[in-house]
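*Asks:* Two chains, two frames, a set of hints: combine them into the complex.
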Amino acid sequence: MTDLHAKVAAANDADRGALLARIADEVRICILHTIDGPKMGHIGGDFSVADVLTTLFFGVLKLDPTDPRWAERDRFILSKGHCSAALYSVLAMRGFFPVADLKTFMAPLSALNGHPNRRKIPGVEANTGPLGHGLPIGLGCAIAARLAGSDRRTFVVLGDGELQEGSNWEAAMAAGHRGLSNLTAIVDRNRLQQGARTEDTNRLEPLADKWRSFGWEVHEVDGHDHARLYALLSARGGSQPRCLVARTIKGKGVSFIEDRVEWHHKVPSAEQVQLALKELAVR
Amino acid sequence: MNEMSPTPNTTTFDCRVAFAETMIEMARVDPRIVAVCNDSVGSSNLNAFQKEFPDRLINVGIAEQNMVGVAAGLANGGFVPFVSCASPFLTGRALEQIKADVAYNNYHIVLCGQSPGMSYGELGPTHHSIEDFAWMRALTDLTILVPADPQQTRDALRWSATANRPIFMRIGRFKVPAVTPESEAFTVGRASVLREGTDVTLIACGTMVSRALQAADQLAAKGVSARVLNMTTIQPLDEAAVIAAATETGRIVTVEEAIIHGGLGSAVAECVVQNAPVPMRILGVPHLAPTGSNAFLLDHFGLNAEGIANAALALVA
Ligand SMILES: Cc1ncc(C[n+]2csc(CCOP(=O)(O)OP(=O)(O)O)c2C)c(N)n1
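As you go down the protein sequences, you meet chains E and U in turn. Heads up: the first sequence begins at 173 in my numbering, then just goes up one per residue. Heads up: the second sequence begins at 42 in my numbering, then just goes up one per residue.
For reference, chain U alone in the conformation it holds in the complex (with noise of 0.2 Å):
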């Protein structure tokens, strides 16, 4: 895999440190802090963790079903398990044992899903997790997270780990650019703005946010004012947020490294044609996906500054 995705052009940091550190830190000052994985110690940045923990680091082997009943068992014994795997066998191989064992059971859990999206670009759509928005919205009693930068990921883990409630976060694979200012505060449910303006929102999680600033810089190019939103949390969703946008801009576009059927962009349609009816167009992967890299991957789909700024366009005409 390559390491890097290419397209941002400015200074990039690794959410996967980030959440090694934070684990580490975390499971430093709270004795109840456990990681559960799937021979997945290398793959989910463990390795240190492991070394200063090694009781509480819990490899259930190639078993996913499992990894995920053991974490509701833990958290049944006031233990707070954070599961770290890959996204796709995360969401979809354990996808029972999340809506009965964790969502039913309302149990402190974080299910922390590792290279989501298509960071497995090659490796092709058994290792593509873009299912994983729709499947986690469905089961409502979820909060859902998806940390943009490495700010980001440290604040929604510390988060999660007091929130006391069942939780699903992707963690990024590939370095990203640092969006989030330095002083905002991480609020789970709140969208942040992170560029105001009046013809159009663009609305993106995750790997599309820093994307979705470059499409706004060309659409400022235009003499088209963009508003830029970062949705960390689809579930919850910021419908305050949804709806100024709606009622103040008139058009949006939602992105999202993620399969288009029940994702972000459904989360906000949902809200919008509810609330506010304006034209909208949801980006992200509109069917499984060809072989080829993610970088190669985000182009063929439109996943990039010019196709987010062609949208919009669209929209605007």
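Extracted from the complex, chain E is given alone in its bound form (with noise of 0.2 Å):
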């Protein structure tokens, strides 16, 4: 399963998109038993963003799993820490923990808790979890490559409604400000929060323009095309940190948790896990 992503790396820009998309559905089937174990977890916002995540992981991302503190690494930190079920399927997928692992997720004294843990996961850099925390990280990992006068890259994936936190714009100013093109964010837009849509709580559009207004290149895309994703994540910016505002539809892939508030943590039942993975399967 390792070698994935030396498979996406070898294939020709027409295949790839196909073998990610795969890949990604590989990931949901994951991070559905993942959830199963415990019954918790938050199956709308990691299916959202499992496209995403793939692409990075299995695409894009500069990374050594022996080594998971190389230090010209390429960061990358999930701010919508509780997505944790995602982030975990791809990176014992990729290699940097068991894939059995994902057995004791949420278990008692598990290194696997219900948001990522840099002390006890491999491939984690950013304790996340209280939302609004990983853009100002990723503005320091980008800072500091700078320093160090290295290429690395930085990637930090956001929830819309964790937009509402003033941190980002806080970080958003100062990255634009300081244009670290080294930087890249990535808004998994799924126009659901916890309780609500996005819209009806506090309206986030123009979203784009936000970001651009704070000195952002930005880029609208769908967040469940791997090619279109694929393309935008590899190619490096100009002078500006990239932002990239990822379409999604929350719960994506399974019918009956798409675009469904409720589904934001709810879990599936023994009969629902069933239809889920077959729906999977047959994708």
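Everything labelled a hint here was simulated from the structure, so no lab data went into it. Computed from a prediction, not measured in an experiment: that's the story for all the values here. For each residue, glycine too, the CB sits at the ideal point set by N, CA and C. A portion of the hints provided could be inaccurate.
[Claimed, not checked] Here are some of the chain U residues that sit facing chain E, going by a computed Cβ distance under 7 Å: (1) 82; (2) 83; (3) 103; (4) 104; (5) 163; (6) 165; (7) 167; (8) 331.
*Replies:* Encoded structure:
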């Protein structure tokens, strides 16, 4: 399983998207099994961001799972830390730790708690969970790379609801001001937060304009289009930090979970797990 | 999350239901009452409140610093905001707003920390609210209330609605046994003596009160007479009750679902050491917790009847 990324690297542009799409379905199946253990998790946000994470971990990020703290690695921060099951799944499938360990998700004394823990899990750069922490840390990572004269890059995945936290905009302002082209923010724009739609809670639109006005190069993209995500994320920007507003569907991949607010942290029943696995397998 | 912390073996009641019902009752008679929350209408049990008073439920989105600042502005306008938010993000994220905007301004705002302690056990330290007592105690103008059962939750909320001062209160996530005698009047700043005893005093708050009572049973079986105090108000502390416990029983064990630095145990110790020094044990969470359910973690840290009884026995021996 660990050589999937090599296959992606070797694929030509025409095949790469389809290959990443197949891996993303495997990631979703992995997430489903992971959540099914403790009957806890955040499946909606896990599934909406699965394609972005797959593209990053199997296509874009410069990493060495045998040396997780390799100094020249690209930095990845999952700011929406409640979607740990998605991160754990790609980390395990990418070889950072055994896939079998996912069975211990949220179990007593497990390393895999409900939110990523840098002290315990190789590949995790920052402990997230309280929303609004990832981008400032990513900003610091990008400044550190500049200071070190390194061309390594930093990627931060944010929830759209999460953008309601002001700390994001403090970091966005500083990154724009400093022209940190080595920093990429990806907003998982699924338009749902915990209790409601984002636009019914605290309107975010016009979202791309907001980032632009803070000095960012912005791309609005289909967050489930692997080829497009790969092209945009692997390309290096000019003189500005880059933001991908990734249009996604919360719960993407399973019909009865898609775009429904109650699936923020609802857990599928045994029958629903079987239905979901069927849908993911035939896709 | 498992809905019930399994240790108590009597009938249990839900403080969150008491919270939801009392908020509505109070809002019906007092037009000043508003609820302020952070994308947490459901997890704060404010769905029914929102339905009945849509204009008086202010959901600011995922923005806790803004949430507390907004409450200060509402208080300035004559409203009585009940801010309801998961306790770690309310107290930690908006700490400076609570200090400068709420406490320093002396606004009548009631900060309701939902799902406190290690309620979100499996979600890890970011979601545990074990530092809240220490953080809130450092703000000496705040009254800190820790209702132990639904009756106290209702009483604490009703008192808070007219108290005209800044208040922080924990609203427990799990069902708990009733520990308060129905006839007992709720008095802020006064510990309630749930059981008389002569050898040692167990001082507990919130979820730990019923466990302290169970520990007292175990101790009685071993011939040790334990007084049990429910310290519903952590600030201002009932110093008279603490000094009486020290002088009359000679030993004190405190127990709280919180970090042992700066919480109930610290408050009691500060009082004891300056007024009536006696041996003490401070039970609580010693450091950031590992992963596990609430019930698992409470046992893990010895925050159960056996753990409390053993601490008391070590003092008595
Ligand atoms: C500071 C903070 N406040 C509140 C929460 C509770 N919470 C967890 S997930 C969530 C909704 C997040 O929505 P979004 O960022 O859109 O994530 P997604 O929909 O992709 O899961 C909330 C409010 C939190 N984790 N941190």
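*Asks:* Now tell me if each hint is right for this structure.
*Replies:* So, going through the hints one by one against the coordinates:
Hint status for residue 82/U: holds, given a least beta-carbon distance of 5 Å to chain E, under 7 Å. Given the 7 Å rule on beta carbons, the hint for residue 83/U holds: about 5 Å separates it from the nearest Cβ of chain E. Against a cut-off of 7 Å between C-beta atoms, the interface hint on residue 103/U holds, since the closest Cβ of chain E lies about 4 Å away. A cut of 7 Å between beta carbons decides the hint on residue 104/U: the least distance to chain E is about 5 Å, and the hint holds.
At a threshold of 7 Å, the smallest CB-CB gap from residue 163/U to chain E is about 4 Å, leaving the interface hint in force. Hint status for residue 165/U relative to chain E: holds, with the closest Cβ pair at about 4 Å, below 7 Å. At about 3 Å, the closest approach between the beta carbon of residue 167/U and any beta carbon in chain E falls short of 7 Å, and the interface hint on this residue holds. Because the beta carbon of residue 331/U sits about 5 Å from the nearest beta carbon in chain E, less than 7 Å, this interface hint is met.
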